[in-house]
Amino acid sequence: GNSVTQMEGPVTLSEEAFLTINCTYTATGYPSLFWYVQYPGEGLQLLLKATKADDKGSNKGFEATYRKETTSFHLEKGSVQVSDSAVYFCALSTNTGNQFYFGTGTSLTVIP
Amino acid sequence: GAVVSQHPSRVICKSGTSVKIECRSLDFQATTMFWYRQFPKKSLMLMATSNEGSKATYEQGVEKDKFLINHASLTLSTLTVTSAHPEDSSFYICSAPDPTASSYNEQFFGPGTRLTVL
Chain S
5 GNSVTQMEGP VTLSEEAFLT INCTYTATGY PSLFWYVQYP GEGLQLLLKA
55 TKADDKGSNK GFEATYRKET TSFHLEKGSV QVSDSAVYFC ALSTNTGNQF
105 YFGTGTSLTV IP
Chain V
9 GAVVSQHPSR VICKSGTSVK IECRSLDFQA TTMFWYRQFP KKSLMLMATS
59 NEGSKATYEQ GVEKDKFLIN HASLTLSTLT VTSAHPEDSS FYICSAPDPT
109 ASSYNEQFFG PGTRLTVL
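So the sequences go chain by chain: S and V. Heads up, the first sequence is in the working numbering, so the first residue is 5 and it goes up one at a time. Heads up, the second sequence is in the working numbering, so the first residue is 9 and it goes up one at a time.
Don't read these hints as lab results, they were simulated from the structure. Hints should not be assumed to be uniformly reliable.
Said to hold, decoys possible - Derived lysine to any residue pairs resembling SDA-like cross-links, with alpha carbons at most 20 Å apart:
(1) K49(V) x P14(S)
(2) K49(V) x L112(S)
(3) K64(S) x T74(S)
Claimed, not checked - Okay, the calculated bits of chain V under chain S, using three or more residues with CB under 8 Å as the criterion:
(4) 31 to 38
(5) 115 to 124
Every value quoted in this text rests on a predicted model; they were computed, and no experiment measured them. We put the beta carbon where it would ideally sit given N, CA and C, even for glycine.
All chains should be modelled from the sequences, with the hints used to inform the complete structure.
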C-alpha cells in the first residue's frame, strides 16, 4: 500500500539553525512527492515537489531530493527564520490515482 | 494563483444537528474536489471525492449517509455532516486539482473548517 512516515515534532530551533525533517514513503508504482506547509490559521500550501527519482524540489530556501533507493524525501533548509514557523506535511500522490497520502505533519517553531 | 475557499472557517453546533460546509474554487472550475479530515496530531485522511454532476465516491470506512456530499456546480462542493456527534469534531479540508497541471497530482487546498460538536 501507500503511506508516508514523517518525523514527529514538535521541532524548536533557533533562528539561522539548520533544519531537517525526515520523510520516508511506501508506494506502489512511481509516486510524486510533495512538501506542504500550513501556517497558523491558513490552508495547506505547496512548498515544493518532485515527480521522479533524483529530482530536487526547492523553494524559499527549502530543498528536498527524491531518493528512490532509500524511499525518502527529507526536507532541509540551511538557515531557518522565525517566519518559517509552521506545520510541514510530507505527501505522495500516485500517478494512477488522485489520492494524496499525507504524513502526520511536523510542527516547527523558530525562536529569535 | 488559484484559490480554494471554505465556509465557515469554524462552527460549533449541538449534538444531533446538521452542519453544512462549503468549498469553492474561486477563479477556476473544478469538476472534481476532494474532502479530507484531519484529526489532532494526525495526518489528513481522504474522505471522499466529489464529482460534479454525479455521486461522490467515498473512501472505505466513511459513512456516506453521515457525510453527504453535493457537487452542485463547477465551483462549489458541499459537505453536510448529518446528526453530528462529538466524535465528528474535527478539521475538514477540501481541495481541487490545479487546472494548469497535467495530472491530478497537483492540488489547491482550502483553509479548512474547524467543526466542534457539543
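Verification of the supplied hints:
1. For the proposed pair K49(V) and P14(S), the alpha carbon gap of about 10 Å is at most 20 Å, so the pair holds.
2. For the proposed pair K49(V) and L112(S), the alpha carbon gap of about 13 Å is at most 20 Å, so the pair holds.
3. Straight-line distance between C-alpha atoms of K64(S) and T74(S) comes to about 25 Å, which puts the hinted pair past the 20 Å bound.
4. For the stretch 31 to 38 of chain V, the assignment as covered by chain S is violated, since 0 residues bring a beta-carbon within under 8 Å of that chain's beta-carbons and 3 are needed.
5. Counting residues of the stretch 115 to 124 of chain V whose beta carbon lies closer than 8 Å to any beta carbon of chain S gives 5, which reaches the threshold of three, so the coverage claim holds.
Checked against the numbered hints above, the structure breaks hints 3, 4 and satisfies the rest.
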